[in-house]
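Chains as they are written, first to last, in our numbering: chain A, 3 to 431; chain B, 3 to 431.
No lab work stands behind these hints: they were computed from the structure.
The C-beta atom is built at its ideal place from N, Cα and C for all residues, glycine as well.
Misleading hints may appear alongside valid ones.
[Stated by the list, open to error] Straight-line alpha carbon distances no greater than 30 Å define the calculated DSSO-like cross-link-like pairs of lysine-lysine that follow: (1) B:K72 with A:K72; (2) A:K150 with A:K395; (3) A:K395 with B:K72; (4) B:K72 with B:K395.
[To be verified] Computed list of chain A residues with no C-beta within reach of chain B, every gap over 10 Å: (5) A145; (6) I166; (7) R187; (8) Q267; (9) G309; (10) T353; (11) S372; (12) H404; (13) E423; (14) A431.
[As the list claims (entries may be wrong)] Partner residues aside, some chain B positions facing chain A, computed with beta carbon under 10 Å: (15) F116; (16) R158; (17) A165; (18) G186; (19) L204; (20) A218; (21) G311; (22) V344; (23) S372.
2 protein chains.
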Amino acid sequence: MSTALLTDRYELTMIDAAIGSGTHDRECVFEVFARRLPETRRFGIVAGTGRLLDAIGEFRFQDEQLAWLKANGVVRDRTLEWLADYRFRGTISGYREGEAYFPGSPILVVEGTFAEAVILETLALSVLNYDSAIASAASRMVAAAEGKPLAEMGSRRANESAAIAAARAAYIAGFSATSNLEAGRRWGIPTMGTAAHSFTLLHDSEEDAFRAQVEALGPGTTLLVDTFDIERGVELAVRVAGTGLGAVRIDSGDLPTQVAAVRAQLDALGATSTRITVTNDLDEYTIAALRAAPVDSFGVGTSVVTGSGHPASGFVYKLVAHRDDAGAWIPVAKKSAEKATVGGRKRGVRTLDGGVAIAETIVVGDGGVSVDGRELSVPLVVDGAPIERYRGKDGTERAREHRAMAIAELPEDALRLGRGEPAIPTRYA
Amino acid sequence: MSTALLTDRYELTMIDAAIGSGTHDRECVFEVFARRLPETRRFGIVAGTGRLLDAIGEFRFQDEQLAWLKANGVVRDRTLEWLADYRFRGTISGYREGEAYFPGSPILVVEGTFAEAVILETLALSVLNYDSAIASAASRMVAAAEGKPLAEMGSRRANESAAIAAARAAYIAGFSATSNLEAGRRWGIPTMGTAAHSFTLLHDSEEDAFRAQVEALGPGTTLLVDTFDIERGVELAVRVAGTGLGAVRIDSGDLPTQVAAVRAQLDALGATSTRITVTNDLDEYTIAALRAAPVDSFGVGTSVVTGSGHPASGFVYKLVAHRDDAGAWIPVAKKSAEKATVGGRKRGVRTLDGGVAIAETIVVGDGGVSVDGRELSVPLVVDGAPIERYRGKDGTERAREHRAMAIAELPEDALRLGRGEPAIPTRYA
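Extracted from the complex, chain A is given alone in its bound form (with noise of 0.2 Å):
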């Protein structure tokens, strides 16, 4: 499918005028940058390169979309031919997808003449903001679970396709699998989910249900024990399933003194090692405060998947230099006050110390200026081809293992859940 139209009517108007101006294939340097953290945040998670770098190749202008435009006298007739032979040219550079940011981190590097690289702003935004967001979200989840697996299972509050997305974005940030099947089938990311309440419902009894649902899923299976009466309906999982059964899941109540209790039932019916997992409206800060109940497992909905409060990330496409027709970069810059942005191309660098981030510092130019710490600007996009190493399955496990690395590196206040600056400074060399 192309991805062409998803995309601001300013784009192809833009491109349309500079095509008149000649000034269309000058080239250009565009950068993706956040100009600060969500408020509380103190790092920021890398998510939707892999799947960017699929979009920007099934970005291409087919004849429905090029006769929609012409209809819509969208461009002129000479803008539709450019686009009728568009395909990403250029070259992009960035962070890794998993990496860790802060404000200002140059996320994206978009290099090509005006015309093909701002046409690509919009998707680029979309999908860099929506995933960003997700993943950010859940390294604090995961942060707060102290090593329990996470699972998402919020597809039903999010956008339909967005789901899928922020699917991958949650195992990016270390969840261990997701609810929603085609991400499980695009992705290659573990899927879960045994029963909702309907289910037990739909049966004349809960015992009836729980017959029902071990005979399809084993005694292995996670039976849901909250539609009725919480303690009854552990007794009774026990009894139809055996001490085998492999989990019980509650999604109502107050988790803490339901969890403590629940385990003491468990181990007294001598289903020790069946295990607890809860599902009741979790964010990162009830999970924290479910340290010390001995829950088992998580699955967190509507917060992970609308970001926890940040839905969107915040990142821009800026133009930060151009090439004059003398050949010589121009680092370019808007200047008013409260959106102004540093000119010039960057790449980021995370200075370390003993194998600690102290400092995101960002490079300023192409003077081949040289600064120890671990360099964080890779090659994505090299003369329209995409790297393949990132795209698809593999490049979704190598996010994920990326961002484990990521966040090691990171100082250990980094984690508090807590309002505070960014875990580390950002600087200009």
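Chain A is already provided as a structure; the job is to place chain B on it using the hints.
Leaving out everything else, chain B in the frame of chain A:
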């Protein structure tokens, strides 16, 4: 494209177990409703219905999906056969798209066998929760703008597919246009947009940029005047385009002060019919704060596509009745305290007094209770066939008109932005 895997795994494992216990073809009634409105909100607007009817039509398991389910052992072979044959053959009624809703409103009622109805849960909630969140937030912005036009331009701050749905939902809520081209092509929504700061920065001077834009788009275009200095930008814009300049756009600064100064300057330059559009991080509150300012139109981004603090509507999809083996309807309800549901098939009636809504009356059961007021529930799918009038571009326009009517019927204080209770109480009859 098949929508069948835009689904939580547990929908399929429940069907698998229910096929085993012989309960999968029990006739059931499922209901979509919200337990409460988001804090501060006095009403919600239903959106997504037209898109959902399309998505249900495309809910078919194709070879690719079936092979993946088999390879991953999600369900047993008998269930795979059932899925291969699946299409929704039941009946759906519900609130018209664009209708106002309140806590407990039965906005969608799905009737069919357990298996054929439960399988639509995730998809139905994804579509309705997101689209209604956008339409509900957008409606408040439309009210705050007091008749001045608003354009949705938040695609870059939403998942790339969600952005199309957001544009549609905002249009249904009364926005006039969108920046999103695919929303224009797919749903017939007027599109807008001219140029970004990068276009000005690309050129050797602001004057070169303005000349290029006016040459391409005509003097009726909207020039962005705040890249460097607004006063100089306005003077230059009128000099280049003439006093027939369509509009100037301001995207930064202290808007109330800025806008008054720009209006005075435009008038002094003779550009008395040149409009002023503002686009700087607006939401319903900043729009309301501009009531006294000579703004002609608003462009809204992040806040509208993220539901202005409430990115998901909180709709749930609950089994409320099933027919027992003797053919009698049994109302069912989950009893856990904070998630209690009211059993039984329902329909909604808006109780009116002199044309003004005074209550949301929810009629429970099939007794054909007669209640005065406007019937809210209409057939949407009959024996598997979606009602065409609610689909496509016409359905979208119809939803927009219906929303205007539904809002006009609410008591005046429904449109207040401050915190408060739902505009009308919900009663069961």
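Right, here's what the structure says about each hint:
Restraint check: the Cα-Cα separation between B:K72 and A:K72 comes to about 46 Å, which exceeds 30 Å; the hinted pair is violated. For a cut-off of 30 Å, the pair hint linking A:K150 to A:K395 stands: about 24 Å separates their Cα positions. Straight-line distance between C-alpha atoms of A:K395 and B:K72 comes to about 19 Å, which keeps the hinted pair within the 30 Å bound. For the hint pairing B:K72 with B:K395, the CA-to-CA distance comes to about 38 Å; that exceeds 30 Å, so the pair is violated.
No beta-carbon of chain B comes within 10 Å of the beta-carbon of A:A145; the shortest separation is about 23 Å. Not every beta carbon of chain B lies more than 10 Å from that of A:I166, the smallest distance being close to 7 Å; the non-interface claim is violated. For A:R187, the non-interface assignment is contradicted: its Cβ lies about 5 Å from the closest Cβ of chain B, within the 10 Å cut-off. The claim that A:Q267 is not at the interface with chain B holds, since no C-beta of that chain comes within 10 Å of its own (minimum 17 Å).
Once the 10 Å rule is applied to beta carbons, A:G309 is inconsistent with being away from chain B; the minimum gap is 8 Å. In this structure A:T353 is separated from chain B by more than 10 Å, as the shortest Cβ-Cβ distance comes to about 30 Å. Every beta carbon of chain B lies more than 10 Å from that of A:S372, the smallest distance being close to 30 Å; the non-interface claim holds. For A:H404, the non-interface assignment is confirmed: its Cβ lies about 22 Å from the closest Cβ of chain B, beyond the 10 Å cut-off.
Every Cβ of chain B is farther than 10 Å from the Cβ of A:E423; the closest lies at roughly 22 Å, confirming the non-interface assignment. Residue placement check: A:A431 keeps its beta carbon more than 10 Å from all beta carbons of chain B (closest about 24 Å). Interface restraint check: B:F116 against chain A, minimum CB-CB distance 5 Å, threshold 10 Å, status holds. Because the beta carbon of B:R158 sits about 4 Å from the nearest beta carbon in chain A, less than 10 Å, this interface hint is met.
Interface hint at B:A165: satisfied, since its Cβ lies 6 Å from the closest Cβ of chain A, which is below the 10 Å cut-off. The beta carbon of B:G186 comes within 7 Å of a beta carbon in chain A, closer than 10 Å, and the hint placing it at the interface holds. Taken as an interface hint, B:L204 checks out: its beta carbon lies about 5 Å from the nearest beta carbon of chain A, inside 10 Å. The beta carbon of B:A218 comes within 4 Å of a beta carbon in chain A, closer than 10 Å, and the hint placing it at the interface holds.
With a cut of 10 Å, the hint placing B:G311 at the interface with chain A holds, because the nearest CB-to-CB distance is about 8 Å. Taken as an interface hint, B:V344 does not check out: its beta carbon lies about 13 Å from the nearest beta carbon of chain A, beyond 10 Å. For B:S372, the shortest C-beta to C-beta distance to chain A is roughly 30 Å, which exceeds 10 Å, and the interface hint is violated.
Figure legend: structure checked against the earlier numbered hints; hints not met, in rising order: 1, 4, 6, 7, 9, 22 and 23.
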